[in-house]
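All chains should be modelled from the sequences, with the hints used to inform the complete structure.
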Amino acid sequence: MSRSMQSNGAGPRRPGDREDICPVCKSTRYLNPEMRFLVNPECYHKMCESCVDRIFSQGPAACPIAGCARTLRKQRFRQQTFEDLKIEREVDIRRRVATAFNCQESDFETLLAYNNYLEDMEVATFNLLQGVDVDATERKLAAFAAQNAASISANNAKATETRTAQHAHTAAQKEQARLNRAGATRADVASMAEREEAHREAIDAVANAKDEPGQKVVLLKKSTARRTAAEKARDKQRQQQQQQQLQHPGDSTDHEIYKIQGLKPVIHPPPEKAYDPFGGMAHTPVYYTLQSHYEHPWLDRARTDPGIVAGGYDLREYYHRTMLAAFAGLGCFIDEEMGEKEKGRGEGDDKMVATEGAAMAAAAAAGADRAARRDVL
Amino acid sequence: MPIADKKLGEGTYAVVYLGHLKADPKRLVAIKKMKVNTAEWRDGLTMDAIREVKYLQELSHPNIIALHAVFSSKNQNLNLVLEYLPLGDLEMLIKDVDGIRYGTAEVKAWMGMLGRAVWFCHENFILHRDIKPNNLFIAADGEVKLADFGLARSFADPYRIMSHQVITRWYRPPELLLGARHYAGTVDVWSMGTVFAELILRRPFLAGQTDVEQLELICQWIGTPVEENWPGVSKLADYIRFDKGNIQPIRGKEFFLSTFGTAGPVGVDLLMSMLALDPRKRSTSRQVLEHKWWTSEPRPTAKEHLPKKGGGPEKMGEDLKRKGGEIPASRGDSVARRLDFSAMR
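As given, the protein sequences belong to chains A and B, one line each in that order. Residue numbers are given in this note's numbering: position 287 of the first sequence equals residue 1386, and the series is strictly consecutive. Residue numbers are given in this note's numbering: position 120 of the second sequence equals residue 576, and the series is strictly consecutive.
Certain hints may be false.
[What the hints assert, rightly or not] Calculated from the model, a selection of chain A residues having no Cβ within reach of chain B, i.e. all distances over 12 Å:
1) A1332
2) H1392
3) R1420
[Claimed, not checked] If we take Cβ atoms under 7 Å as the criterion, some of the chain A residues that face chain B in the derived model are:
4) P1370
5) Y1374
6) P1376
7) F1377
8) G1379
9) A1401
10) P1405
11) G1406
12) V1408
13) A1409
14) G1411
15) Y1412
16) D1413
17) E1416
[Said to hold, decoys possible] Computed list of lysine-lysine pairs in PhoX-like fashion (alpha-carbon distance at most 25 Å, straight line):
18) K478(B) - K530(B)
19) K510(B) - K551(B)
20) K463(B) - K489(B)
21) K748(B) - K1372(A)
22) K1372(A) - K759(B)
23) K510(B) - K491(B)
Because the hints were derived from the structure by calculation, they are not lab data. For clarity, every value in this text was computed on a predicted model and none was experimentally measured. Ideal Cβ placement from N, Cα and C applies to all residues, glycine included.
So, in structure tokens, the structure goes:
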């Protein structure tokens, strides 16, 4: 049962494996060096793997630890991650709450709204952790999860997306760092001798000055003392907070369900338009309807001569072109169009020129400018 | 006023410069400087230059290269100021089999843009007559732009003959190979069909070395043109009598599905309508755009998500200096001689 023997046992040791006696079957690590301990998140009672196999293989059974009558299933037994089972339990609960409360700060309109949301989340976690109104909290949590199922899954998808992006980013950074390191190693080798020299000099200096090491120790002690004091103060504060929360546990039971308030409105991208093969440029003639046949003796041979027809020459294209040419320009009123154009231009210029004469001069200049531009093109 | 910055490429036909606008140096343009070919055209401009200027300045469409301005420099050269399209052409994307992967949605997006460009030309009564992947430039935003109007002409009046020596051979329709002098917009639709097939296969679909070989390939892959499937075909100027025993009936849908299955049955239906032997049975460019393939699944990829390959300014220079109807020398030379194992799979 010596420590050295255990460490010779198989594989790396997990936090839960330090105990040497199984509380259920009392078997010892001395007899079974491969012993592993498992816990069930239902009650977090620890027992060895062979006990789990023995008791729960036939299906759900009651926890064999005296005073705990919870029904456990073999499937949920697992090795613990943390040494302290309280922490193990807290992490489990937090993870469970976080699956329902998975909004980001960026989803909220104000910081206050986000903080209120975090408050709700923390109250639920605290209740489950400390066993305050567990049933009510569980009910509210389930209702909350059901009500916000859509947004929760959307948030999940978003989180996965950012995570993959982050992974890619870190991978790129690592690669960059590796390249930088490779470059730096060369520089390091060069400066190594120099640094060693400096180090040796420093040691010599310390050896010559006898008082200095003592001073350093004192300094170190002071700093550790300061650190422990700060930690104590923080612990005290935490305890006070917990007490305050314990004094008002009923706050959360007042409203029936957790509500997310102050969320930014979700803007969905507009649905894609149907694909238009013509690219929105198809047009139909307004002033005439194109017919598939126009009678004219001149065209008769073009309709029948195999030398023309067999090559694919299509009179309909000719009809189309002549009709368009015949009706071209109908509905175009150049005076009106140009007048509107001039007016638009004139309004823009008026803001800058005060007198009528100046406006006319400016218009002339603009005309000249336009003419010059047309000349280039 | 645009300022020429550096030379992008030089060919026998034109020199291409990268330039910028004097007023706004951030706006880049390509300046195509037509060479005065003293041997061939003793007086006046080349036909290509006239055609290019004539039609490009009329057309303004997102899928057709924009002609900003035309000016002449000191030795009476003609300079075209064109939209600068830095991302190469569709041929580069098709040829880069290892580097670029695309699917039906991307093919549909590119074909959709090509279809719009061709339809717009036809709607304005212009035949492009040189549609091929390396005349389809890619703009910085992924938009495909139809360029090189050096062989374009407007629709002919009845009884007016047109040249049949147009359109790069691999993309030339059977009626032109058979010497038809009266044809319509459906010649461009055939070219579109071969580009569609090339986008799917990722190699030129019908790559004949000579006009006769090209016709043989069409007979083999599409069907032999005879009076039964193309009334009046034997009256065309260069019609060849095909051996009675060697006649390939028009390929059915199963054959196309086995070769172009990735386009799906609806896509194959469109491809077949574009590659119909008889130009009268072929879809017009309007009918192509009215096909239900465009609105069926998958939806065409948005242009900003289309695969891109940095063609760079040099590639644009390379493309613009060519004369219409040419096959780049490096490409056509070895195609037939090289054994193509990819077709056997």
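Problem set entry | Proposed interface contact between Y1374(A) and chain B, which counts if any beta carbon pair is under 7 Å | 6 Å, holds
Exercise. With a cut-off of 7 Å, does the beta carbon of P1405(A) approach a beta carbon of chain B closely enough for the hint to hold?
Worked result: 3 Å, holds
Problem set entry | Hint check, G1406(A) versus chain B [nearest Cβ-Cβ separation less than 7 Å] | 5 Å, holds
For this session: Below or equal to 25 Å on CA atoms is what counts here, so check K478(B) against K530(B).
Result: Roughly 19 Å separates the two Cα atoms, so the pair holds.
Problem set entry | Satisfaction of hint between K551(B) and K510(B), Cα-Cα up to 25 Å | The hint is violated at about 32 Å.
For this session: Over 12 Å to the closest beta carbon of chain B is the bar; see if H1392(A) clears it.
Result: 14 Å, holds
Exercise. Should the hint that Y1412(A) touches chain B count as held when the rule is a Cβ pair under 7 Å?
Worked result: Holds - the Cβ of Y1412(A) comes within 7 Å of chain B, reaching about 4 Å at its closest.
For this session: Compare the distance between the alpha carbons of K463(B) and K489(B) with 25 Å, and conclude whether the hinted pair is satisfied.
Result: 10 Å, holds
Exercise. Regarding the hint that D1413(A) lies at the interface with chain B, is the smallest CB-CB distance below 7 Å?
Worked result: 4 Å, holds
Exercise. Given V1408(A) as an interface hint, is the shortest Cβ-Cβ distance to chain B below 7 Å?
Worked result: 6 Å, holds
Exercise. Are G1411(A) and chain B close enough, Cβ to Cβ, to be under 7 Å, as the hint says?
Worked result: 3 Å, holds
Exercise. Does the claim that R1420(A) lies off the interface hold, with its Cβ farther than 12 Å from every Cβ of chain B?
Worked result: Given a closest Cβ separation of 5 Å, the condition is violated.
The structure shown violates the earlier hints numbered 3, 4, 8, 19.
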